[in-house]
Every structure is written in structure tokens, then in C-alpha cells.
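*Asks:* Mind docking chain B on chain A? Use the hints.
For the record, the sequence lines run as chains A and B. With the working numbering applied, the first sequence covers 646 to 866. With the working numbering applied, the second sequence covers 107 to 400.
The set of hints was computed from the structure by calculation and includes no laboratory data. Hints should not be assumed to be uniformly reliable.
[Unchecked claim] Derived pair list, reagent style DSS-like, types lysine-lysine, alpha-carbon separation capped at 25 Å:
1. B/Lys230 - B/Lys184
2. B/Lys240 - A/Lys707
3. B/Lys372 - A/Lys707
4. A/Lys658 - B/Lys213
5. B/Lys127 - A/Lys788
6. B/Lys180 - A/Lys864
7. B/Lys184 - B/Lys222
8. B/Lys213 - B/Lys247
9. A/Lys662 - B/Lys206
10. A/Lys864 - A/Lys793
11. B/Lys372 - B/Lys340
12. A/Lys658 - B/Lys180
13. A/Lys658 - B/Lys247
14. B/Lys237 - A/Lys662
15. B/Lys206 - A/Lys658
16. A/Lys793 - B/Lys127
17. B/Lys240 - A/Lys658
[Claimed, not checked] Sample of chain A residues lacking proximity to chain B, with all beta carbon distances greater than 10 Å (derived):
18. Gly648
19. Leu669
20. Gly672
21. Val736
22. Ile808
23. Asn837
All residues carry an ideal CB built from backbone N, CA and C; glycine is no exception.
Spelled out from the first residue to the last, the chains are:
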Amino acid sequence: MIGLIIKDFINLKRNIKVLGFIILIYGISSYIMKDASYFGSIFTLVFGLLMLTTYGYDDYAKWDNYALTLPINRNDIILAKYMVLLLLTFVGAVINILFTGLMSAIQNTHMDTNMLRDALIAAGLGFALVILFYSIVLPFITKFGIEKARIICILIYGIFFGIYMFFRNIIQEGNSPVAAKLIQVLEIVRENVYIILPVLVIIAVVISYMVSANIYRKKEF
Amino acid sequence: MMGIERITNAIEINNVTKHYKDFSLNQINFTVPKGTIMGFVGENGAGKTTTIKAILDLIHTDEGTINVLGRDSKNLPKDIKAQIGVVFDGSNLHDNMNAKNINFIMKNIYPNWEEKVFNHYLKKLNLPQDKIFKGYSRGMKMKLSIAIALSHQSKLLILDEATSGLDPIIRDEILDIFMEFIQNENHTILLSSHIISDIEKIADYVTFIHKGRIVFSKSKDDLIYQHGIIRCRKNDIRNIDSSFVVGIRENGFGAEVMIHSKERFKRIYQQFEVEKVSIEEIMLFVVRRKEMFE
Chain A
646 MIGLIIKDFI NLKRNIKVLG FIILIYGISS YIMKDASYFG SIFTLVFGLL
696 MLTTYGYDDY AKWDNYALTL PINRNDIILA KYMVLLLLTF VGAVINILFT
746 GLMSAIQNTH MDTNMLRDAL IAAGLGFALV ILFYSIVLPF ITKFGIEKAR
796 IICILIYGIF FGIYMFFRNI IQEGNSPVAA KLIQVLEIVR ENVYIILPVL
846 VIIAVVISYM VSANIYRKKE F
Chain B
107 MMGIERITNA IEINNVTKHY KDFSLNQINF TVPKGTIMGF VGENGAGKTT
157 TIKAILDLIH TDEGTINVLG RDSKNLPKDI KAQIGVVFDG SNLHDNMNAK
207 NINFIMKNIY PNWEEKVFNH YLKKLNLPQD KIFKGYSRGM KMKLSIAIAL
257 SHQSKLLILD EATSGLDPII RDEILDIFME FIQNENHTIL LSSHIISDIE
307 KIADYVTFIH KGRIVFSKSK DDLIYQHGII RCRKNDIRNI DSSFVVGIRE
357 NGFGAEVMIH SKERFKRIYQ QFEVEKVSIE EIMLFVVRRK EMFE
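Chain A on its own, in the form it takes in the complex (with noise of 0.2 Å):
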């Protein structure tokens, strides 16, 4: 399985030369703009980008088919999917994390704890929405194939999108008590953060690996 894993990173080494492209251009932007942390969690979610660059690949070398005469079993190929998806949105989060460190060390701001600690928070946030959103997505792409999971991976993101912008809205208008109930909740989910993140991550990865190697295993190349 960690054949299949090496044969992902190797695929994306090509990309390697754009992403150095998109850190710079974004190194800049925040130098000028005197704000990193705007820009940080881009990588997590470039990174997460990635992931798809991979079915991408797989699916235009037809990689499955031969994949599956190879002395590996079907979860495998699934599991070592799963694994790309963390090792690749984990790199992204800690060069977020450097990012950040590395333009207030060249703007000389102060970073003191508190502001460290968001920053990771940050991270870890960026981190999770990206496992959480592929963990609604894999299964799509393993049933149908990138090509026609592409559209479905849009509308999931709007959906997420939606959601988000509906809470905000509540919350921005103020003072009814759904908004405080609300608040109250996120405050609570903000305190927790460290306990809530992890177990959320854990419990949806787990439900779509179990979900896409059930799908794998009934398909037919």
C-alpha cells in the first residue's frame, strides 16, 4: 500500500514548481497588505486541491484497472486514498502554520502566545473543513469518477458555503435569541476545540473510508 501512496506524491511532483509559484505570490500580497494570517489557510486548502490533481491522474492512465492485478486488495486501494488525503492536507496545514510565523517574523510583528495559539487554532480549523469536505466527497468520486464528481464537489462546497453564510447572518443581525443560542453554541465549540476537532475528523473519516471501500468493492472495471 505504501506503493501507492509514493506513486500519488510522485504523480504531484510536478506540482511542486506552482505551488512554490502560489507561496511567493502570496508572501508578497501579505508583506504589502501587512497581514498573514488572511492568507494562511490558502495552503491547507490548495493542498487539499491536490487530491483531486490525483484521481485526475489515476483516471486518465486508467491506473484501477492495472492497479487491481497488482498484489494489492481493493480497501487498499481506497485506504491508501484516505492516507494521501491526510499526509497532503497535513503538509498544507503546517506550511500554513510556518507561513504565518515566517511573514510576522519578517514584518517584526509580535507574535505572543495568544496570537500563536489562534494561529494554530486557525490551522487545525483549516485542517478539518478540508478532511471534513473530502469526507463527503470521496465517496461521490469513487462511485462516479472525478470527471463527474467534479460538479458534485462544487455543489457540496456551496452547500458548505451556504451554511456558513446563513449562521453569520444570523449572528451579524444581532440580537435575536436564536443569534445568542447560537453563540453561545460556537463559544462552547470554541472552548472545546481541541476535543470537538479531533473526534469530528476521526468519526467522518472513518464513516467515508467505510462507506467508499463498500462502493469500491461492488465495482466493476
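*Replies:* What follows is chain B alone, placed relative to chain A:
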């Protein structure tokens, strides 16, 4: 676990049926004896690839069973899969990789991967290590797939149209490698192709599939020795016992009649000169006969 030495057939296919909307595999039966090369022939769309996919458990069959190296082909254990080398029509490898990358990946997939053997084949087949596959020709990609299939102590090679679309020189080179591989009595090859001349050159057995059904699965030598063609006038056909006749091809000058049981036929009908046939001719006559009666 049953060792490869103790089985007699590398592949056994029993009554395999698979229905699609516009195509069916019907009651497929044939075996590939260990230590032999089985040529699997038929026109495009006859069901060769579907049968091979069934053998490899890439599709779920509706009926029947398949044994590969003595085990049920469904969910083959990894140690058995590691002994099977598969080459598909088209390479299935990512365009932005090179042979070095493949070596690294396969080293981490095959427990029995042999880096030295792989490098030996790369050299022998003139495949550059650093060039990405986008720059490989079709022939090079096929040779690379074959190099992979031969680099993990395979006992069984399953090759789907591995020689089609290649020029005669490369095809010959590849056939030589297969002949070298089959020298080991525990090695077996299933080679599907619509290029009959390749099959005639190297196969021990020939299985002919037509419209999703197996027409025959026999030893190549038996097929060639048992069949013959006579050229005669159209009127002469009436005098031939129809139980000998495989098919008739009429033209302006007369008729060509393919017969089986050649030796017996020769004893009875000494007036006809019986000519040798090729596998290709047998296939054409058999298909025509089938279509006449369908």
C-alpha cells in the same frame, strides 16, 4: 496452500456467464494447462477482454467459477497475485513517471520485486530509465509493461493484446521473451490477440471465442493436423460426406472446402488433394459455418 508444482492447470474457467445490456459472455469453459502458452483469439468485441477481466476479478460474473493457480479467482490472496504478471492493451501507467519511479513504486508493492531483473529488461529492451512515459512510443510502453510483468518471479502471464499495434520487429522481440519465459515448466502464458500469426508462432493451445461463446479450445497442432482444405469443382461437393465438412467457400472457379478428420478423409476420398490449413483459415471457416446455421 497448494504449491504451483502440484497443480495441472494454471487457469480453469467453468461455465462463466456475464450479461451486459448489449453483450453477453455465455457459458465460457476452458482451461490453460500449466507450462503452456494459450492463444486466446477472436475478433474485436468477441469477449476476450471481458473474459480476462473476469479471470482477474475486475468484473463480477453472473455465473460460474474461475480458478487461478489453484485458487478461486475472487479475492485472490496477495501472495498468489504477486505471482501473476498482467499486461493490458495500453500501458495504464501515468504519463509523468519514468522507469525509475516505477521501480520505486513496485518495490513497495511487490514483496518479490526484483530490481536487478527489471533493470536488466530495461536495458535489453532499450527503455530509457529517466525519460517520462509521455515521451515513450506505444511499443516502448508495451515493452515496459512486459518488463514489469517479468520482474517479480511471475508464474503466470496474462497478456491482453500485448502485441497488437506494434511493428513486426518489436513483436518478434516480445515473442522471443515469452518463449524464453515458458522454458520453465512451471510458467504459463495466456495471450489474447487478434493477430493470429503471433499465436501460430508461439501458442501450444488455441481458444477461439466468437460473439461471447467459446467455439473451440484445442491444441494448436491437433487443429492443424486434423483440418485440411480441398479445392474442387462445385459439383464435387455433393459427393463429400457432410459430416467431414467444416465450411465451404465458393468462388467463380470452384469451391474450397474445409474438412476435419483429415487422415480418415484422405483414406476415403483419395481423388482429392488435401492442403494444409492455418489457424486463421480454420477460424474463418468455422465462423462462416456458424453464421450459416444461425
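*Asks:* Does each hint fit the structure? Answer for all of them.
*Replies:* The hints, checked one at a time:
| no. | hint | verdict |
| --- | --- | --- |
| 1 | B/Lys230 - B/Lys184 | 29 Å, violated |
| 2 | B/Lys240 - A/Lys707 | 15 Å, holds |
| 3 | B/Lys372 - A/Lys707 | 53 Å, violated |
| 4 | A/Lys658 - B/Lys213 | 19 Å, holds |
| 5 | B/Lys127 - A/Lys788 | 20 Å, holds |
| 6 | B/Lys180 - A/Lys864 | 13 Å, holds |
| 7 | B/Lys184 - B/Lys222 | 22 Å, holds |
| 8 | B/Lys213 - B/Lys247 | 19 Å, holds |
| 9 | A/Lys662 - B/Lys206 | 21 Å, holds |
| 10 | A/Lys864 - A/Lys793 | 16 Å, holds |
| 11 | B/Lys372 - B/Lys340 | 19 Å, holds |
| 12 | A/Lys658 - B/Lys180 | 35 Å, violated |
| 13 | A/Lys658 - B/Lys247 | 21 Å, holds |
| 14 | B/Lys237 - A/Lys662 | 19 Å, holds |
| 15 | B/Lys206 - A/Lys658 | 14 Å, holds |
| 16 | A/Lys793 - B/Lys127 | 22 Å, holds |
| 17 | B/Lys240 - A/Lys658 | 15 Å, holds |
| 18 | Gly648 | 3 Å, violated |
| 19 | Leu669 | 23 Å, holds |
| 20 | Gly672 | 27 Å, holds |
| 21 | Val736 | 20 Å, holds |
| 22 | Ile808 | 37 Å, holds |
| 23 | Asn837 | 40 Å, holds |
Consistency with the previously given hints fails for numbers 1, 3, 12 and 18, ordered from lowest to highest.
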